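Undergrad: Residues per chain are reported as follows:
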Amino acid sequence: MANILSWRRKSRSSADDILNSHLPDLYRMAFRLSGNQADSEDLIQELAAKFLSKPNQLDKLDSPQTWLKRSLYNLFVDGYRRTKLQPVTFSTITSADDTDFTDQLVDSAAGPADQAQNEQLQQQLQTALESLPVNQRDLVILHDVEGMSLTELENILQEPLGTLKSRLHRARKSLRFFLVDATF
Amino acid sequence: MNCDICDNQLDNWLDGELSAVQLKAFEDHLDSCARCQAEAKRAQRIIAALSQLSAPKMPEALPILLGAPIKKRSGALQFGIAASLLCLAITGALFLDRSSNAPFSDDDGVKQQWVSLTFAEAKDVTFALSSLSTMNDAVLTLELPDGVQLAGYPDQRELRWTASLQKGDNRLTLPLIANKDNLNTELVLRIEHSGKHQIMRIGIQADTHSYPAGATLRATRGFTA
Chain A
1 MANILSWRRK SRSSADDILN SHLPDLYRMA FRLSGNQADS EDLIQELAAK
51 FLSKPNQLDK LDSPQTWLKR SLYNLFVDGY RRTKLQPVTF STITSADDTD
101 FTDQLVDSAA GPADQAQNEQ LQQQLQTALE SLPVNQRDLV ILHDVEGMSL
151 TELENILQEP LGTLKSRLHR ARKSLRFFLV DATF
Chain B
185 MNCDICDNQL DNWLDGELSA VQLKAFEDHL DSCARCQAEA KRAQRIIAAL
235 SQLSAPKMPE ALPILLGAPI KKRSGALQFG IAASLLCLAI TGALFLDRSS
285 NAPFSDDDGV KQQWVSLTFA EAKDVTFALS SLSTMNDAVL TLELPDGVQL
335 AGYPDQRELR WTASLQKGDN RLTLPLIANK DNLNTELVLR IEHSGKHQIM
385 RIGIQADTHS YPAGATLRAT RGFTA
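Chains as they are written, first to last, in my numbering: chain A, 1 to 184; chain B, 185 to 409.
Treat the hints with care, as some may be off.
[Claimed, not checked] Mimicking DSSO-like on lysine-lysine, the simulated pairs with C-alpha atoms at most 27 Å apart in a straight line are:
#	chain 1	residue 1	chain 2	residue 2
1	A	Lys50	A	Lys60
2	B	Lys208	A	Lys165
3	B	Lys208	A	Lys173
4	B	Lys225	B	Lys208
5	B	Lys225	A	Lys165
[Stated by the list, open to error] Cβ-to-Cβ under 10 Å is the rule here; a few derived chain B residues that face chain A:
#	residue
6	Leu194
7	Leu198
8	Glu201
9	Leu202
10	Ser203
11	Ala204
12	Val205
13	Ala209
14	Glu223
15	Ala227
16	Leu234
17	Ala239
18	Lys241
19	Ala304
20	Ala335
21	Pro338
Derived from the structure by calculation, the hints contain no laboratory data. The structure displayed is predicted, hence computed values, not measured ones. Note that CB positions come from ideal geometry on N, CA and C, so glycine has one too.
Based on the sequences and whatever the hints tell you, model everything.
TA: Quick look at the structure:
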């Protein structure tokens, strides 16, 4: 009995270590998806409860990170979007001039004087993201914002690569259209 | 390569997935086509900006909290979105008690407020709901007019949820976006408790001429639906 308890403690400790090492990335992903800190923390808590309840299964995972991200995404879709989000339609904003949004985008050499402007541009970008259909928005967030590869997302989103590529193409095109028409 | 093929390969180019041969053909086309070059440049800038979108750091206490039982927040009242959004706090006092016995009136008492939004930008609008007593399980219903949406909920015209209002000020924060100009409309917040209700109307108005230089909607009193 003592050996079993010791083994369980060891497994739990190992699971804690794995979880903690991925926690900052998972929290950021949760925030990107849910859009607020309270829900992000709830999501992470639920994920941790799910993950730590079966520490002995961790050894069977080839990639805990992929499992964690897939589980986090599923928790978000099942537990949060179902109750909070509705299907999104694309909304168009009529352009009033020919200002190109991207002319004002990120300049890696920007100084403090540019920070306020960048903040405003980020806000416009956020609004554009929120105007995408939810499955396109998720894909852009996970691929272009979080930097996950489409191959990785094929596993996480459980959809064929071709479907994801088509969706990404539509999403990026919509973003370009949306941001060109938005005027600053 | 023509423009259609270029458009089809744009994502692979952005993701660095073109072969050497494809890459050369793609870039040769960009050199010869100003329209595709501009589109590719814009796409590249947007992807760069997306990769730099801000996100808050994980709270330091979070790893400690993970050992505790899961306790969800009253998320229905928390419509907060990205912290980088500008915050526009407009406080409207909603006095729920206009009789000596009940927490609020049993007539169709209407409170009118005005808020100022910025065209196509999400802003947190905060309302103070002042109650003279604690009200458990109050039912709040928010009706959104055409042209105004909750950030992240573009198709949601009505939201209904249950919340407990504490005695004193209760703050309700809504991330609102005006997605039309020339707005002259209102959103309606209805609060029900113990068979009584209170209605709060929030007027919204847009000024076409201020767009795009600011597009700030005017806040005016005396709105009539």
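Undergrad: Holds or violated: the hint that B/Pro338 contacts chain A, with Cβ atoms closer than 10 Å.
TA: holds (5 Å)
Undergrad: Hint check: B/Lys208 vs A/Lys173, CA-CA at most 27 Å. Holds or violated?
TA: holds (23 Å)
Undergrad: Holds or violated: the hint that B/Val205 contacts chain A, with Cβ atoms closer than 10 Å.
TA: Where the cut-off is 10 Å and the nearest Cβ of chain A is about 20 Å from B/Val205, the hint is violated.
Undergrad: Double-check B/Ala227 for me: the hint is only fine if its C-beta lies closer than 10 Å to a C-beta in chain A.
TA: holds (6 Å)
Undergrad: Hint B/Ala204 vs chain A: min CB-CB distance below 10 Å?
TA: Not OK, violated: B/Ala204 not within 10 Å of chain A, min 20 Å.
Undergrad: Could you grab the alpha-carbon distance between B/Lys208 and A/Lys165 and see if it respects the 27 Å cut-off?
TA: Holds, at about 22 Å.
Undergrad: With chain A as the partner, please determine if B/Ala209 meets the hint condition of a C-beta pair closer than 10 Å.
TA: With Cβ-Cβ at 19 Å, over 10 Å, it is violated.
Undergrad: Can B/Ala239 be said to touch chain A, with a Cβ gap under 10 Å?
TA: holds (5 Å)
Undergrad: Close enough to count: is the Cβ of B/Ser203 nearer than 10 Å to one in chain A?
TA: violated (16 Å)
Undergrad: Any CB of chain A closer than 10 Å to the CB of B/Leu194?
TA: Holds - the Cβ of B/Leu194 comes within 10 Å of chain A, reaching about 8 Å at its closest.
Undergrad: Hint check: is the beta carbon of B/Leu198 less than 10 Å from a beta carbon of chain A?
TA: holds (8 Å)
Undergrad: Holds or violated: are the alpha carbons of B/Lys225 and A/Lys165 at most 27 Å from each other?
TA: holds (20 Å)
Hint violations for this structure: numbers 9, 10, 11, 12 and 13, all remaining hints satisfied.
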